[in-house]
Amino acid sequence: AQTVTQSQPEMSVQEAETVTLSCTYDTSESNYYLFWYKQPPSRQMILVIRQEAYKQQNATENRFSVNFQKAAKSFSLKISDSQLGDTAMYFCAFTYNNNDMRFGAGTRLTVKP
Amino acid sequence: DAGVTQSPTHLIKTRGQHVTLRCSPISGHKSVSWYQQVLGQGPQFIFQYYEKEERGRGNFPDRFSARQFPNYSSELNVNALLLGDSALYLCASSLGRENVGNTIYFGEGSWLTVV
Numbered sequence: 202a203q204t205v206t207q208s209q210p211e212m213s214v215q216e217a218e219t220v221t222l223s224c225t226y227d228t229s230e231s232n233y234y235l236f237w238y239k240q241p242p243s244r245q246m247i248l249v250i251r252q253e254a255y256k257q258q259n260a261t262e263n264r265f266s267v268n269f270q271k272a273a274k275s276f277s278l279k280i281s282d283s284q285l286g287d288t289a290m291y292f293c294a295f296t297y298n299n300n301d302m303r304f305g306a307g308t309r310l311t312v313k314p
Numbered sequence: 091d092a093g094v095t096q097s098p099t100h101l102i103k104t105r106g107q108h109v110t111l112r113c114s115p116i117s118g119h120k121s122v123s124w125y126q127q128v129l130g131q132g133p134q135f136i137f138q139y140y141e142k143e144e145r146g147r148g149n150f151p152d153r154f155s156a157r158q159f160p161n162y163s164s165e166l167n168v169n170a171l172l173l174g175d176s177a178l179y180l181c182a183s184s185l186g187r188e189n190v191g192n193t194i195y196f197g198e199g200s201w202l203t204v205v
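As you go down the protein sequences, you meet chains A and B in turn.
Numbering of the first sequence is given in the working numbering, commencing with residue 202 and proceeding in unit increments.
Numbering of the second sequence is given in the working numbering, commencing with residue 91 and proceeding in unit increments.
By construction, these hints were calculated from the structure, which means they are not laboratory data.
What you are looking at is a predicted structure, and each value in this text was computed from that prediction instead of being measured.
Note that CB positions come from ideal geometry on N, CA and C, so glycine has one too.
Be careful, since some hints might not be right.
What the hints assert, rightly or not - Label pairs and their computed distance ranges (CB to CB): (1) Lys103(B) - Pro210(A): 28 to 36 Å; (2) Leu172(B) - Gln215(A): 26 to 34 Å; (3) Phe150(B) - Pro210(A): 20 to 28 Å.
Construct the entire structure; sequences and hints are all you get.
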């Protein structure tokens, strides 16, 4: 079974500081894709970053980077220089066939001024 | 370019009624997926359609059905509504089923409340 686990229901960080959100997954597939999506109060899911499992190099998008540990099936998201606009629900997601994407339960991140 | 568009944005239905939700994918995208997001949870996969055919189905009852039209837009139908069907229904599009790992883009969703 393909499952995604986010063990931190809520987190907070001071503006301009760094925060790391955790995600683990379970799969028997060798090639797959991992994503972090942000869902602000407007409810639209916005792609933050994606990682291809066959690439060892960790993905980076501006202030967002991941720590992908394939053997440990871990995919954490680091947000540097946190901004108030980063306040949102963050979902870790996984797919191997594009038929469906499996999401974790989400982490509610609050950036405090 | 327009993103994924969904309609209606909000609706209220009574138990036992039927609902139809609509989705237009990003231009050029041939794959459409539907997800149900209950408050406080992550989205759950319902269906994927590609080239007008169902390519994947999640663990949802037969009350849920969908179809994709020649222009790649899609409808999600839910019959005999239950209170537990109250959720945000998200539509997502991507280039195509063969492009595994292509980014899936989501619409803003349709809020369904069943009373």
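Going down the list of hints, with the structure as the test:
Between lysine 103(B) and proline 210(A) the beta carbons are some 30 Å apart, a value that agrees with the proposed interval 28 to 36 Å. A hinted range of 26 to 34 Å is violated for the C-beta pair leucine 172(B) and glutamine 215(A), which are about 43 Å apart. The supplied range of 20 to 28 Å is met by phenylalanine 150(B) and proline 210(A), whose beta-carbon atoms lie about 25 Å from each other.
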